[in-house]
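Between the sequences and the hints, there should be enough to build the whole structure, so can you do that?
Taking numbering that gives the first Met the number 0, I'd label the letters of the sequence shown as residues 0 to 106.
Treat the hints as calculated values from the structure; they're not laboratory data. Keep in mind that a hint or two might mislead.
Derived CB-CB ranges, DEER-like [claimed, not checked]:
no.: 1; residue 1: Arg34; residue 2: His2; range: 25 to 35 Å
no.: 2; residue 1: Glu3; residue 2: Arg33; range: 26 to 36 Å
no.: 3; residue 1: Leu14; residue 2: Pro80; range: 14 to 24 Å
Note that the structure is a prediction, hence the values are computed from the model and not measured. Just so you know, even glycine gets a beta-carbon here, dropped at the ideal spot from N, CA and C.
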Amino acid sequence: MNHEIESRVTSFLGLCLRAGRLTTGQEACVELIRRGGAALALVDGGASANTLKRLSDACRSHDTPLYALSPGALGHSIGKPSRMTVAVAPDGMADRLLEMLRDQPRL
Numbered sequence: 000m001n002h003e004i005e006s007r008v009t010s011f012l013g014l015c016l017r018a019g020r021l022t023t024g025q026e027a028c029v030e031l032i033r034r035g036g037a038a039l040a041l042v043d044g045g046a047s048a049n050t051l052k053r054l055s056d057a058c059r060s061h062d063t064p065l066y067a068l069s070p071g072a073l074g075h076s077i078g079k080p081s082r083m084t085v086a087v088a089p090d091g092m093a094d095r096l097l098e099m100l101r102d103q104p105r106l
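This is the structure we're talking about:
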């Protein structure tokens, strides 16, 4: 992912967290996606193969866009370094993130 776009996305994730529109952690994200309550999901580039598989399977089966960020970028952006996955609830913030990511490759 382009460094400039990733920087804008990670900054915006902090706003989403403060607005209460962000779900963090593998189990919570997969559950939100399965309930149809996620507009998109992001995974850290340093996530384990198992985490990536579980999240990508859930996203694929529920038609939820999934994007990857550089290793360490996701947790750092939300102030929780150990977090490898986030899901964003559908609203204007999710729409803005999807607009930022529209030309980026999906997983």
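Hints versus structure:
| no. | hint | result |
| --- | --- | --- |
| 1 | Arg34 to His2: 25 to 35 Å | 34 Å, holds |
| 2 | Glu3 to Arg33: 26 to 36 Å | 33 Å, holds |
| 3 | Leu14 to Pro80: 14 to 24 Å | 19 Å, holds |
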